[in-house]
Structures are given as structure tokens and as C-alpha cells.
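Student: Chains as they are written, first to last, in our numbering: chain R, 1 to 581; chain Z, 1 to 581.
I should point out that these hints are in silico values taken from the structure, not numbers from a laboratory. These numbers were taken from a predicted model, which means no experiment stands behind them. Glycine residues also receive a C-beta, built at the ideal position from the N, C-alpha and C atoms. Honestly, I wouldn't trust all of these hints.
Said to hold, decoys possible - Between beta-carbon pairs, the in silico distance windows are: (1) Z:L157 with R:I264: 24 to 34 Å; (2) Z:K260 with R:E268: 31 to 41 Å; (3) R:L122 with Z:E464: 41 to 51 Å; (4) Z:E9 with R:E268: 25 to 35 Å; (5) R:E518 with Z:I12: 35 to 45 Å; (6) Z:K260 with R:D395: 47 to 57 Å; (7) Z:N259 with R:G16: 32 to 42 Å.
There are 2 protein chains.
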Amino acid sequence: MLRTHTCGELNISNLGETVTLTGWVQKSRDLGGTTFVDIRDRYGLTQLVFNTDTDAALREQGRGLGREFVIKVTGKVLERSNKNTKIPTGEIEIAVEGIEILNEAKIPPFLIEDDTDGGEELRAKYRYLDLRRAPIRNNLILRHKMAQEVRRYLSDLDFIEVETPVLIKSTPEGARDFVVPSRMNPGEFYALPQSPQTFKQLLMVSGFDRYFQIVKCFRDEDLRADRQPEFTQIDCELSFVTQEDILNIFEGLTRHLFNKVKGIELNEFPRMYYADAMRLYGSDKPDRRFGMEFVEMNDLVKGKDFSVFDNAELVVGINAKGAAGYTRKQLDELTEWLKRPQIGATGLIYMRYNTDGTLKSSVDKFFNEDDLTNWAAAFGAEQGDLILILAGNTDKVRKQMNELRLEMGTRLGLRDKNTFAPLWVIDFPLLEFDEESGRYHAMHHPFTSPKPEDIALLDTNPGEVRANAYDLVINGTEIGGGSIRIHNKDLQGLMFKHLGFSKEEAQKQFGFLMDAFEYGAPPHGGIAFGFDRLASIFAGLDSIRDVIAFPKNNSGRDVMIDSPSTIADAQMTELKIKTTV
Amino acid sequence: MLRTHTCGELNISNLGETVTLTGWVQKSRDLGGTTFVDIRDRYGLTQLVFNTDTDAALREQGRGLGREFVIKVTGKVLERSNKNTKIPTGEIEIAVEGIEILNEAKIPPFLIEDDTDGGEELRAKYRYLDLRRAPIRNNLILRHKMAQEVRRYLSDLDFIEVETPVLIKSTPEGARDFVVPSRMNPGEFYALPQSPQTFKQLLMVSGFDRYFQIVKCFRDEDLRADRQPEFTQIDCELSFVTQEDILNIFEGLTRHLFNKVKGIELNEFPRMYYADAMRLYGSDKPDRRFGMEFVEMNDLVKGKDFSVFDNAELVVGINAKGAAGYTRKQLDELTEWLKRPQIGATGLIYMRYNTDGTLKSSVDKFFNEDDLTNWAAAFGAEQGDLILILAGNTDKVRKQMNELRLEMGTRLGLRDKNTFAPLWVIDFPLLEFDEESGRYHAMHHPFTSPKPEDIALLDTNPGEVRANAYDLVINGTEIGGGSIRIHNKDLQGLMFKHLGFSKEEAQKQFGFLMDAFEYGAPPHGGIAFGFDRLASIFAGLDSIRDVIAFPKNNSGRDVMIDSPSTIADAQMTELKIKTTV
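The shape of chain R in the complex, shown without the other chains:
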């Protein structure tokens, strides 16, 4: 190595040693007759010193070092007079005896510091410089540690990591595929996998028993903060298991990661039925860092001539504890916030439980003090609380109230990034009706098994059929989901039929899997974790961008390498394709 030590390892035990360090110039400053230069690498920061004892030319060279110059320095480890207890190398400094400039650097377009002055676009263009900043670099180191621990944990449980193909076959279910024209098979295309779902199931048919893979997956969907066209899954499948086994093993994995990577010991994960999650939180991924559960008020409010309530399918409220001090202006502003098209709630009704014990609602015209007292009791409200109420169509109003609950949680400081509230949501519906296409879609995917006792409902009431499906939710984010799969050809065929596939379509797309089920397919099930999301939660980030080394922007572009880009006509000719732009 060009160095004897990294910039993070020298301390008082090295006093007097002659060492060679390599790294980047973080900053330099002159204090009286002394020049200090901080040299940085991935491992830390070390202070170099050039003082009156230093050769004059060398000191001049030290003063001339620009920010981000790459240097190699040799010198002696001295004890600092002015110690910095915040960093491991803070007790020592290096009295420089020689410098070699390994590479110069132009002035970077933004500050390479924990807090930078660079805007998002500039930092994206110079991602390689943004990655020099400790907060971003540490996210990737954290991610690495997580991946290592995932592999260790699963390997110790006899899971085998098997690489499944990236060039596969396009299927009509699910999101849009990215496709790859085949030169050797003109007119035909590969697709990039949205998940290795069918392959991992085939591995179970092959008897692999326990499979996992940390694997890139691809979806050609419109993008937002927590979506990227390519993303990474921790993909797992097991044979001869029940849902209970899977929940236990992967709860174990999650707790192991929190323990090993973050030093946090989590309690047993609570479990909640999907139906209860929708009723109490209006969401299949409730943020359980705080309570503020929904209270359904139909029985309390109907028949009092208030048409908004009387005409509503559902009247539902939450108790924002301690928020009775909200002013009229604040409540108006909240009402406006709810009206935004993303939420679309038309009217917010509230009741203050004032600190003097009085109750005051925005619908006092229709409800008397007894009514309001009953409301307060239903919410377990105390003096100082604020009840917020929405009314309307059940599905819509639950969604709106979910948004309001999360917003109030944020405003009341109940969503601390260092608190982790995991939750298993179980018993998802098998199917959901899609208004646009007028047919049922698989809520998870077409390979999810229905609960045996609900199979009969498939013909009569498909929307009521529950699946052997489960999601792992942390802090309101779905970080994993899976199911016990269908392993029987007839049941799989029935499922495709209910999803609107003709027999021929099903055979053409998934014939290989249904055929495989006829040659001795074991009962099996699995789960996939969104690794980017899990890492972002561990890193305390809202977006997955900064746990990805080279992410794409909202247009799917990598602005650093300027991709996608046009390709040569010769390439297209060879692939026998043309663009029609």
C-alpha cells in the first residue's frame, strides 16, 4: 500500500512513529506560524502540522494544498497540545516530513462537508463528489453491513443464495416490464424481472428447500421519492412451512439486523389483521409509533339532522392528544391541507376538549353537550385534546383520515426516526376489484394461495376471500411482504381464471410453472423485503435515494453519466428494431 496507516487509526499509542498517510485535503488553516491541514479518507481524519520546525519549502508546499487534493504524506506522530475529543485521532497530529501530491483537484462545485451548499441537481451530476460526504458514505457502509448480516443469518439457517436470471420473459401481470431486444432471436425480447417470483418457486419444486437472494429487480413505473426503476430485494422462499414459520424466521432476521447493525433490541412484533388495520388506521401499513387510532362514530352521530353525517357511509375521528390549543386559523389551514387534490377531503369537523373542561365543536348547531360528552368518552379524550372528524364513503374517508392521522402525528412530534415500531399485517384479501379494467386483480400476485376455508367464496364473493399473505410494516412503511403459495396446478389454473386469463394465455405465460406443479411441487411460501427501503429506515431517511450509490432521478435519468441516451443506427439495425419517435 502507498500508506502505512489509514487516516482513522492513529492515536496516542503511536506517538513517535514515522508514518505515511494518503487521502484528501479536507481543509487547511494558518494559525500564527503554524499551518494545519486535515487529511481525510474513508476511515477518518488526521491533522497534519507544519510549524516553524518544518522545512520552509515543505511548509510552503503544505500551504499550497487545495481542498480535495490527493496527497501522500510522511511524518512523525506527535501529541497534540489542543486535543479534539470528538474524533478517535484527536489526540495526535503528524509533523510532516514529506509530501507527494498524487493528484490535484479543481475547486469542487459544492462543499464536501456533512452539511453541503450543493443543490440536488448539482449533487446528482457530481454524484461521485456527493458520495465523498460522510453522511452519504455512511449510508452505503450501513447498507453493506446489513447485507452481510442478512446473508450470515440466512446462511446459518441453511438458506442457499441462488442467482436467478436477469434476462427473462415479459408477463402481462403486475407493473410494466423493461424489455431487451434479442439480437440472436430477432423480433423477440427478454424482460428484466420485477421479482424472481417464478424462479424461486421453481427452486422449491427442485427441492432447494430454503432459498434467498439479494437481487436487483426492475419496474418501468413512474417514479417518486421511494421508487427507482431498479431496486433491490431480499428475496426468500421456503418449502414445507406454514405462515407461522415464515413470520417467526423473518421476524428473527429483522430483529437480528436491528440488534447487529443498530444495537437496538426489539420486542416481539405485534400482528394485526388487514381488516383491523383498515378499520383502525385506514391503511394496510399503519405507523404504530403512535396511537391515535380511528374511532368509528356512526352510532354516535346519525339521526341528528346533520346531513353530512347522515348521508355518510362512515363518520370517523381521531383524538389528537393535547392539541385543543389549535387556533381557528390552524384548523382552517388543516382543512385546506385536507382539500388538496392528493387527499380530497371536503370538510373537517372538530371538537375541542378545552383545558377548562368545556366541550366545543364545529357542529354545535346539531349536537348538544350530552352528545359531545359521549363523543369524548368514545375517544377516551381528556382535557386539552382535539377530536378531528371526517365523513363520507368508507374507503375514501379512511384514506383521508390516514393522511390526517399521519400529519397530526408529525405535527405533534410522535414520529421519531429513532423509534421503530414493527408490525405484521396478516390475512390480506386475495383479490381486489379494479374499476378501470372491471375485473379482479391479485392483491399480492397470482401465485398467492387463498385460505382453504375461503376457496368456496371464489365463485360467489371473490372480494371476501382472504389470502395466506402477510406484510411486515415498520413505522408506516411496508418493508416486506409475502405469502404461502399455490402449489397445485388446478388451484393455480382456477386463480388465473378468476384473474381473467384464458386457459391459453395462462398456459403461454405460466405453463412452465403449472407444468412444474405436476412433477411433485412441495408446499412452499416466502417473502421479499425491499432492501432499499429497509436500509433507508435504518439510516433515518425519508427517501431511498441516498442508500443507493448511483440513483436515477424522477425521469429515470442518471444525470451523472447522462443515461439513457441515443444509440447508433448500426446497433438498432443489428437488433432489428427502430424507434418511432
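Since the structure of chain R is already known, use the hints to place chain Z on it.
Tutor: Positioned in the frame of chain R, the structure of chain Z alone reads:
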């Protein structure tokens, strides 16, 4: 779990326990009044027994179990009277008390045994059944162990695994890219990476210091046994290192893998200059499990009026030890073998050193006994040896002699799959002249640095410039290669110029990298291992196919899932492309 134990773990210590096993019916047989059924899973094989003590109906059910049925059985662990010492469970059997058929199985299209009767195509179509066979499954388990050990070894050395993007930018250098049309950026394409080369270099610019990744790469090239359109690399890069550091670290990794995964302790790897490898073996990846080095004979053979030798640029021979007994017919057959178009050698000359001490050549007309004695001395030949000689253009004759040497090594049994002969080949040429395009190409890739002392030759004699490049060869297969990279913008620009790039082209394709070099790029270098090849060598296979779970055939097709395939017109419309087939 549906089972209490796997099929590989019960032994004499479990006698008397009531256990539940799940797995596949391997085979069943009736012996007198007793029915034996072998049940198999990934972990092993256990014998089930139904005898006269067994309930008659249950025994009937046992006799009715077909091959590959998936079953769950409960029973008691008994000591076998007839023990099988070859398997860990061979001392016990299970007296069955209950069977549940979890899934039936049609008769498989080929035998699910170590030696199968299925042809290659049939097995490819039913890959999920072929994967049930222990030899194939064990390859993938071996591969998993190797990957785990790679990660452990490198992580312990402070390497960080960073995922680089799969959707990148098409570049004109190297092999053909697979491309992916971008829906959000119509008319533009992503490319799939042939390697993460530029990204890993950018990570060095970012200060990651030590990076690795086990990563899928893609090349749209015509296929053969050891090539797949998607393949896996162990990709590594380090900063502030010399070539010596890299050779040491990755020799350490390779030895670690051999030790941990195969229990083999390898000696220090020898090193050889590229020029010597070409001179002594006619190949940059010599198989060093055996000697049979080339002996150049120009000084010995010229000027004796044998025009074939006199007109040849190079006359070169090998000593096939102990092969003097080769008959005229065998030698004629070898001459024919050499004439095949893949090799294209026109004439084989030989000299036998007979066991009676006489020397006899196929060119006795031109060379007397003294000449032949000199030849024998040059080859260190002994009684019983056979000298084989080719003559012609240096490059061609070396290639031909390389083929002949390997063939003779095989025929003489010198290429044992359980012997491992690693070799570092160093000091590769930087450039090689390509007759077709009439210009120099990068022998490794355009980011490889020239030896500083050879830079001046770039203008005068580019073919003589040596690179800081190295390959790791095992048993004649290149399993890894890398270089110390260029980290200076001007030198990188010069390199692109010599590769025939205009300034504009270089900027358009690789501007982001050259820009990065201006912001403080550290000296760096790296290596990439072909993980499929390494795994195939560990598994003792000639092809990489069976260390890949779902490989493609020579037309790039996955015949199991029938991919690539046509896609819907609507998909193409959305992507704004058309096929021109």
C-alpha cells in the same frame, strides 16, 4: 415446519423417537413381506419401512407411492438390520405410522438420479427437475459457499460491497451491449453493464477505498460452452495500491477459497510475464498442471535445406514424454486433427526417442543423427519421448502448438481435475493491433494504465507498450484479470486518442469519468473474477452451465420459460419502438 427433521439428520442417536419427515419419493421396493421407500430432500435420504407390523391399508398406501411424490410421513426411528455405511442415515429406518401425500407427481421425463438418462435438451426444458439431481444441486450449494467466503474474506479486509446500476449507458468499446428502450425518455436506451468498470472507478474517486461486488454482467456475444449472455463477476477495486498489493490480496482470496471450500492448501502462486507465457506456452493462459514447455528450434534447424523450416518465422516443438510408442497411424491422426480449420496447422514433424536409444524423425532426409541428438538435448528428451514440431508464422504457430500441447496433455492424462495450478500472468501489452479495423484496441480496456517507463513508446511503437495488467489463470482458464488504472485526465485522453476516439467522442462517452479525474482521483486499481468459471473449476466441470441455476442455450434462449418471446404491440407502442423483422 411440516417436519420435525430433515431427511439427512436422523441417526442411531434418535432411536425410538417419533419423527415427521417431508420430501420426495426416491424409490420404493418390495422385499418379501416388507416395502422400503427412500424419501429424499436437499439434506439427504432416509429409508422408510412398511412391514408385517404395519397396518395393511397404510402399507398399501406406501406401495402406491410413485417416484417424486411429495409426502409427509410420521413414524418411529428403528435400527436397520442391514446397514448402509455410505450415507449418514444408513444405520436407521423409519417404521411408518402415517403418510400424507402432499402432492402427486407425474412420471418424470428422465431419471432423477446422479446418472440420468435425459438428453441435454430435455433436461434444459425441465431444468427444475434436473436441479433435483444431487450433482447439479451440489454445484449450486458449492457456489453459494464460495460467494459467502468471498464476502467474508473481503469484508474482513475492509472492502465494502456497493451495488452499481444495471441500467447504464451504451458504450462503443468492448463487446456488444444489450440495450433497454426507455419509455420515459423516448428514442433513448439504457444498456446493461458489461462490467461495472467506470462505476467502481468513480467509487474510488469518491473515497470508498476498497470496493467489491458479486454482480451480474451482460454481453451480447455469440455463445459457447463457457459463455452466457449474463454472467457473474467478483468485481473489486482498491485505492492507494500497487500491483503487488493487488496480487497479494487476491492470491490470498483465492487460497482462502480453496482452503475453506475445497480443503486444499495451495502454495504461493508463481508469476510469469506475458511474453514468457507466449514463448513457452503460446498462450496467455497456460495450463501449468503439466510442463511440456515450448522449445524454440530456429537455431537448431535453419540452413539444412529443409524449406519448411528455412521459410518459417518460428520452428517450435514440445516433448511429449513417454509417447515415443505413438504409431504412425496415431501420428497421422494427430496431423489430421491439427489440420482442422479451428487449428489450421499444415504439417506435423516429429522425432521419436526410441526406448532402444535410437532417434528417428519424420525429416531424416534433412537432418542427421548429430542434429537429432542436439534436438533431444534441447528438449531434455529421454528414451521413450516423442518430440512434436510445428513451423510457420510466429503468432499462428504458437497458437497451434498451444492446442497441440493441451491435446497431448489430455491424451497423456496430465490434466487431472483435482489438481490446481494457479498462475499470475503479468505485464500484458497495453494495446493490440486489430487487422479488421486497422487500429489498436485496448487489450484489457481503455482504463488500464501503461507502465510509466513505456509511455514514451505510445507514439513510436504502441504495440510494445506494456500495461500494469495481470490475469489470474488456473488450469489454463483465465479466472480473473485486472490492472492499475489511469487516474489522470490527460493520460486518459491520450489513451482514448490512441484508441481512435475523437476528443468529442471521448467526452461524450466518458466525459463523466475524465471530469471526475479532475476533482481529486486517487491512484487505484482492481480486478474482476469470472465467478461462473471459478465455480466451474471448483466443481470440476468443463462448462459453466451447471454452476448456473437457469442457464441459456447457445441461441441465448431459456427453453424452460421459452424466452425471449414476442411482446404485445401495445408494449412497443408505449416504448416507441418497432421491430423490423
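Student: All hints, please: hold or fail.
Tutor: Hint-by-hint comparison with the structure:
1. Z:L157 with R:I264: 24 to 34 Å: 28 Å, holds
2. Z:K260 with R:E268: 31 to 41 Å: 36 Å, holds
3. R:L122 with Z:E464: 41 to 51 Å: 44 Å, holds
4. Z:E9 with R:E268: 25 to 35 Å: 29 Å, holds
5. R:E518 with Z:I12: 35 to 45 Å: Distance hint for R:E518, Z:I12 holds at roughly 38 Å.
6. Z:K260 with R:D395: 47 to 57 Å: 56 Å, holds
7. Z:N259 with R:G16: 32 to 42 Å: 39 Å, holds
Against the hints set out earlier in the document, no violation occurs for any number.
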